Structure formats: C-alpha cells, structure tokens
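**Q** Given chain A's structure and the hints, the job is docking chains B and C onto it.
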Amino acid sequence: MTEVWELSAAELGRMIARKETSARDVVDVHLSRIEALDDSVNAFLTLTPDLARATADDVDQRIAAGEQLGPLAGVPLALKDILCVDGVRTTAGSKILEGYVPPYDSTVVRKLRAAGVPIVGKANLDEFAMGSSTENSAYGPSRNPWDLARVPGGSSGGSAAAVSAGFAPLGIGTDTGGSIRQPASLCGVVGVKPTYGLVSRYGLLAFASSLDQVGPFARTVEDAALLLEAIAGHDRMDATSIPEEVPPYVKGLESGVKGLRIGVVSDWVEGEGVQPGVTERVRAAIESLSSLGAEIGEISLPSFRYALSAYYLIAPAECSSNLARYDGVRWGLRAPEAKDVVEMNVRSRTAGFGDEVKRRIMLGTYALSAGYYDAYYGKAQQVRTLVIRDFEKAYERFDVLLGPTSPTTAFKIGEKADDPLAMYLNDVFTIPSNLAGAAAISLPCGLAEDGLPVGLQLLGPPMSEGLLFKVAYAYEQARGPVDAPPLWGRS
Amino acid sequence: MTALATEDVPPTSHALPLKNVFRPDEIGPCLSQEKALSTAPEVEQGRFKVPRIMEEP
Amino acid sequence: MSTYEAVIGLEVHVELATHSKMFCDSPTTFGAEPNTQTCPVCLGEPGSLPVPNRRAIEYLMLIGLALDCRIAPHSLFHRKNYFYPDMPKNYQISQYDLPLCVEGYLDVEVDGAERRIGITRAHMEEDTGKSLHVGTTGRIAEAKYSLIDYNRAGIPLVEVVSEPDIRSALEAQRYLTELRAILQTLGVSDVRMEEGSMRCDANVSLRAPGTEAFGTKVEIKNLNSIRSVSRALTYEIDRQQKALDGGDGIVQETRHFDENTGKTHSLRSKEEAFDYRYFPEPDLVPIEAGDDWIAEVRALMPELPRARRARIASEHDLTPEQAAFVAASPSSVQYFEALLASGTAARDAAVWMAGELSRALNEAGESIENARVSAADLAALIAAVKEGTVTLSSAKKAFQDAYTAGKTPLQIVDERGLHQVSDDGAIATIVDEVLSANEAEVARFRAGEEKVFKFLVGQVMKATKGQASPQVVDRVLRARLARVRVQEWPSSRLRRSEPKGSRSRRSRVGSWVSSRCRSSDPSSPSSSDRSRANTSSRIRTWAAPTWRAPG
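Protein chains in written order, with the working numbering: chain A, 1 to 491; chain B, 1001 to 1057; chain C, 2001 to 2551.
I should point out that these hints are in silico values taken from the structure, not numbers from a laboratory. These figures come from a predicted structure and were not determined experimentally. Ideal Cβ placement from N, Cα and C applies to all residues, glycine included. The reader is advised that the hints may include incorrect statements.
Just a few of them, taken from the derived set where beta-carbon distance is under 10 Å, the chain B residues facing chain C [unchecked claim]:
# : residue
1 : 1003
2 : 1005
3 : 1008
4 : 1018
5 : 1019
6 : 1022
7 : 1025
In isolation and in its complexed conformation, chain A is listed as follows (with noise of 0.2 Å):
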C-alpha cells in the first residue's frame, strides 16, 4: 500500500480538496515520518509543526466551509532557511544569525500563506546558500537520502534530502550558481531555477542580488509545476521582479515535444571531469525524446568555459556587500566586551561566519577593490554580456538546451570539503543560466553506474518556464517512475 508521504502533491492537493484526507492528518504523517529520520538526514534545521498544523487546520476548516482552494492548500513544504518567515528563527545556516527571528514573512512565505501550504520546518543549506553539499553549513552538513554517508548537495540540500526523503512532497530552494539543480539532480528530485524576477526575493537573505532565484523541489514535474505556479508573480516589494503574469503552467503539460529543437551542449555530455554514468543516462534520455519526435542538434558554447571564473567574481563581490549588514549592531551574535563598535563588527563576525563565507567576502571586497575593479569585476560583467550572447544565438538554433545538471552523482561527506575549486567544479553546468539570468529544470533521468541518481538539466530563454515545464513532462512520462531512495524503506 502507497503511504501517503510517498504521494506527490498534486494528488495529495487532490484529496485534501475532496476530504478524503484532512490537511491536518497529511501534516501529521510528514512531521512523524520527520521526527522519526530526520535524525539521521539532518534536513531541517528548525521544525515548525505549530506552523504547520495551523496552516493544516485553517485549510480544512475553509474546505469543510466549501471554500475553493489553491490545488496545493494543506500540501507541506519544506523551506529553504534563507527565507523570512515572520516570528520563526532564521538561520542562513550561520552562526551569525543566532536568536535572529525576523519580523516579517517573505513574499514566497506569504504566498504560500495565501495558498494553504503547511511549511513544516526551515530546511538545512550551506552557510548563506555558499556551497554545493550543505558541508558549510554552521549546523552540520545534511545527508543524501540514497546514501547517508553522501552530501545532498547545496546549497538548498537539506530541501532537497526533505522531498527527496519524503519528509514533504514539496521544497523550496533558492539558486544562484546551481543550488536549486545540483542537489534536486544528486538527491534525485525535480528542481526548477526560474527566469531572474520571476519570483520575488524580497524576503530572502540575498547572497549574490543578480544571480539569486527562488524556485521549487518536487518529485514530479507536475509538483514543480504547480508549486511555481504559487510562488511565482509580480511583486511590488522587488525593484527587479518582472510585472508579467504568470502563465498556467500545468494546463500545457501534456502538449508534447514533437518538432521541438532541442540543443545538446556537447562539452557538457562528454566534457572533461563527467562521469561516464552520467554521460550514459543523458545520452539516454536524448534518444528518449528524440523518440517522442523532438530534433536534436548539437552546439557548443565557447564563451561558457569562462561563465564559472565570472560566476566567482560576481557572486563573492555582491556577497561582499549584502553580508555587510551582519555585524551585531541590529541583529544575530555579538561578540561581547567589545571596547568599541569596530571591534565589536570585527569580533562578531570573525565568530559568526564560516570559512567558505569569509573566503568569499574576502575574495569579493578584493575583487571591488578601487584598481582591481576593471579587470576583476568589471571583466566578469563583460564575460556576463558574452554568457548572455551566447544563449541568445543558441536559441536563434533551438529551443532548448540540454545537458547535464552536475558532472558527477553525490559525493562522500568530506571527499571535497578541504578543495574549494574541486567543490566549484560541480557548479559548471548550472552557472550560465544564473548570469543568463535564464529558467533551467533538472529533472531526474534515471541511476548511474554507482547507482545514484543523474539529473537531466534543460534550460531555456528568459521566461521559457512552461517550455522546459513541457520538455520535462513529456520526458517524465517516457521515462516512467523511477527507483525511490533506499531511505524510503525506513520508517
């Protein structure tokens, strides 16, 4: 019998809506199965069952009063501990931000207020969303649900371990170079990077402001689909979100891939440092929609080899700056007995930031720095125009494009936790989109070699979401249902 954790959203948003089963019971089922391996998964940082439980119970009263609910009223979330939730301990996964409660919610967390989306608990990361295995975070590192003693990678791991874990069916994570797709691909999941201001980020602890994007994990396409579509949409709070309508996105799942262009990064599939399995499945997966009749071509990106060196110029610079207001003057640790406010900001934060968060500062005020600007900075944001140019004649050829999401499957906790550019590496595939400030998907494409999972990346232009939606759908439903973790023998 399929347990109701196991369910995706959409088919648990169904049967909340007809009462087949309480908001309040599917909460509960999930915060159980939570407290009972969490333990050994490390997700969660902070649970928030009273949250949640709230959430559930107002969801079902409105049903029992025959309101009409959003598909996802009374469906836990998982949520990324870098997003505002007003009353309820924020960490960023520093010790910075110790005691820190913010007195406010996020736009994300008021729409998923507004959508009667139980947010069951904040969801591990590396420090300030800086990493790809939740190894950075001040609070431990999460665990990858097909193999515990592998990270889930990051930043937005422990929302990925939470959906891939069936600690909820939906996450939400936030990309800047990849932490959406890198650990949806590693910890077998779906995860979206939507098009730059398509989702606001008012409320989210900025790491790098033009790179981070918002987005969702689920463990269907649908799923994703639908939580996106909650999420998504102008907010007035953003100087930078786009003051578009959200498209419905479900409603052209199903129209097929036939005669579609899709565009295969050819250094990507079988570039140096991809792991054979990897390149197997995605090679898979290109017959695969082939097969459905879409047309495949090939391309190379040339200007991408220099994405990831621009990526770590612009993303330390801007973090440089948005970490500034950590200092202990308003808010989180402050060191004590300091004999001056200076020493003070110096104390506090040489106590409260991580070293993968200093690097960066450190690398980031370098790059600022008057006389180094032009060729640091300044340079990266001309790589970003040639990143840009590039996507755009690529899409003059194709519609999408498609590659790997990450080179490799999940790594050993600790395997490349004392290389910083070994770690950058993972980043390679999914850094363009970011400057692009493009959608990408990645999707799950099957098991390699060492039996963990493959993500299958798609990306698309600027608002190409139910695009690549549609792509991934029509995959899915080719592929077929995949292996479930071995976690999800326990209970």
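**A** Just chains B and C now, with coordinates in the frame of chain A:
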C-alpha cells in the same frame, strides 16, 4: 578570463531588461518600536545600543 | 605674507520633503519617538529590498533642471560600501559614475558682480540613522556607548556637488543662500540647516593667484548653518595661508568645524582615504529619463528666485536689495502680495519686509511662513504711519514688541499709547516746559545760533518719547520762540487753530491716557488725577512711556 578580448563588450550588471521601476510616494505601516528592536542584542531608550563609536563617519 | 587665491567647492546634502522614504513606505516625519518610523527595508533587515520613490527621483530631476543640469538619459544606483553603525546595511545606496543630473551651474551675485558657479552633479542617495553618544560630555570621543535611532535612515537625500569655482567665504555664503532659495521655491525640501534637512561639507585649498594647479585640499565637515560655512571658511583660509607662509604646507585631511571656538581641527588624514568599493546596486534597475518624462517634470517648474526677483523689482520699482528680500522665497512673495492687497505701497512693503520683519524673523529664528505678525496686521500699522497717527519710530517699536508678545502691532500701539500726538495744545505745554528748562539755549537761538533749534526739537521729542508729530513740534517751537514771553501765549488760541479731524486724534490721546494708567504701577497717577491735569501732571504723563508695565 583575463586573456579574453572584451574591449567592445558592454558590462552586464543585470540580466533583467527592466528600467524605471518605482513605487508611489505613499506611506505604509511601520514596525512597532518593540518589533523593530526585537532582534537587537542590546537596547536602551528605544534605541539600538552599541559599544562606543570612535570615529565620525 | 603672500596672498593666495582660495579654491572652494561645496557638497550640499538636502533631505527631500517626500511623504515616504527613498526606498520604502515608512514616513519621513521629523522628531518622532526613536525607531517608530521604520520597516524591514529601512532597518536593512536581512532579505529586505529597496524600491525607489518616484517622487524623490522627480524632485531630483526638478533640482537638476533648476540648476541647468543635463538630465542623463541613463542613470544607475551604486552601492557605497563602508561600515558605520548608523547605516543599517553597511552600504549606502547612492549614485556614482552615472548620476541623474550633471553639468549645471548657479549664478550668484557677489559685490554687485555676477559669478557663475559650476554644478558638477546632483544625485540621489539615502540618509543614515542618528547616533546618540552616551557619556559624560556627549562628545563622540568621550562616549561610553552609543544608541541608534533609525527613523532618519532611508530618507531621500540629494547631493549637489559644485565645481571648485568658489573663491571666498562670501561667495560660498551667496551660493548656499541662492541654492537654498531655489530648493525652497521648488518645494522639494524644508532646507532647515538647524534640523539637518540641509547639510554642507566644504573643500578648500589655496593657490597663488593666476596659477591653474590646485593646492592640497582640505575637507571641512559639521557645517550646520550658512553662517558656520562662512565662519569655517574664513578661519580655514586664514589657517592655510599662515601654514603656507610659515612653510608648513597643507596636509590633505578632513577637518571638523567647532561651532563654539570657530576653529577647524583635524579629524583624519586623507592618506587613509577610504575605498568605498562602489558597484552597481543589483537590487535596482536603471533609471532612463526619456524626453517625455523630463518634459513632464519641467512643466512643474515654478518661477525661480532669480526670475522672481527681476520680476518683482521691475513690477514694483524696487531696488535689487529690496527685491532680493521680497522675492527670497514663495512665502515671502505671498507676504508681500498680501501687504499690497491690504493697500500698502510696494516700496513701503519692501522696506518693512527687508527691515523690521527680517530683523524679527532672524531674532526669533523663524521663517516667513511662520511670521507671527500677519501681512494684514502689518499693513494696518503701515497705514497708521502713513496717516500720521503713529510715528515711524513708534511703529517699529510696536512691530518688534507685537512680534514677541504675539499681538498685532496696533494692539501694542493702543496698549502702550504709542499714538502720534499732533495735538498742538499738548505739544505746546511740553514746548513751554522745555523752553523754560533751557533758557540759556533759547537765548543763544535768539542771538542767531540757528543750530540750537535742532537741540530744542530734540529735547521736545525726548520728552514725548518720540510720539509727537515732528511737523507740529517744529511749528509750535518756532512760534513760541518768536514771542518774548513764552508763558503769555494762551493755549486756547492754539487749539482754535487745530486742523479739522484732530478731534479723533485727541480722543485717541484720551484712550492712551487711560490705558497707560491701567497698565501702569499703582503708584502712578490715576485717570481721575489726570482729568484735573495741569501742566506739571501733563509732563509727568509724557514721561510715562518710561514706566514699565508689570510683567
């Protein structure tokens, strides 16, 4: 990256094709003093308390 | 001692009078309880985002247009990064290499000559919070700890940067006065330096006249009034001159102006000049001011002070100085026009505004829109002077007293009995008193010493505390001096020669007498004593204005 010829390439500080995003000059609700100060490590006289500031800005 | 030329550039910060802050909808109210005018955005709360206030941008554009700036078709916000606890994000959203307004100028008049001061730029930024330094003296260096209020954080701030075209403290003063008048006219700011809604930093260097190269520059901070700017510059120019003459040279540094001592002292050396690591604000998108928008804003442009002064001067035939005062601000023009509407002649209105009104406002530290004497009440006073019922000197006194007492000038005239006395009989009595008290002078006059006449007039005016009509005094005195025996002249004959209409004046004198008594001390003669008045009691009455009303 340093070797890349970029003389004629304009910088992109933002991939977003937006411009002139403003809000109207209207007043909205404020946080109460209590809530505004709720996150503060130390508070005195309705203000955020910090160790002495040695220099003028 | 060599002479040097001062090279001065001013950076003026102006808080805009918008309803809400620059990047959020918190109010800009001045003087509220600490930390009650804030929201997550202006507190820099993690995750909060700025959205620019359209009106603030339009105010900036208006300022730029008024200063003949070019409005940049493409403009960006940058982040200026530095740590300071009154700045919630530890960066200020400002404009850097792409400000909205560039390359303008402001013409000012100095010693009758026109000087054109270049405006480098005018750009948008946000204000910081306010720190309270707690300790024995309240001075920053001696504080034990500090307390921060973020109510001011995020209030829209425009920075107007001049070219180093200013050559003296006086020019700086004129520039600031004119800039303030423009901002006031545009209605974009309260421009109250004492409340900090207009602030100024000055850059000063010296160089040998005729040379092009700039000397080493010193920046002066904490200039809280136009007068401070002028004082600080005067001191600093002198200090630099002495340093150069003494062969010490100038250190590039930031200096602080001390209001109390009138001196500047070193804050920090510019050697450690801070790198603000400017970069484009990624939370905001570019401003692209198209021609339509600029035209829309330009249409809001009111008549600027310069044009207004010229118009007022020519329309009302005023001197440039008078016009400058009358046209100083829209409110002063309103006041002027209200005076004219109440029947005051333009010249008189201008003289009173530039004289007594200006003095009263300065003393009270108030601006004309809060003038405690209304234009209508001032007009009535001016009319009374014209009619001859109040002398000019009494009127001036009544005006100043009215201003402090919060009454109308004519109320003061009535209460204090400041009506002009043209009653020949009353004046004759005083003249008689004066003549008998100054027999030697009378003799000298009769011996042909004409200048003694002036002295005698002075004595009479003194005895009447300036309330007697000078014409009547002149006439009566000449008539009396023409007689052999002063006392023989029957006062009734003088009365008969009174002009028509003098009855009302007499009755006013009566009312003066009674009110004088009511407000005088109890030992003074009562009004019933006064009704039996003889010469001597009249004299005492004339002396009455030296009595002080209690309180």
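**Q** Can you give the numbers of the hints that this structure goes against, from lowest to highest?
**A** 1, 2 and 3
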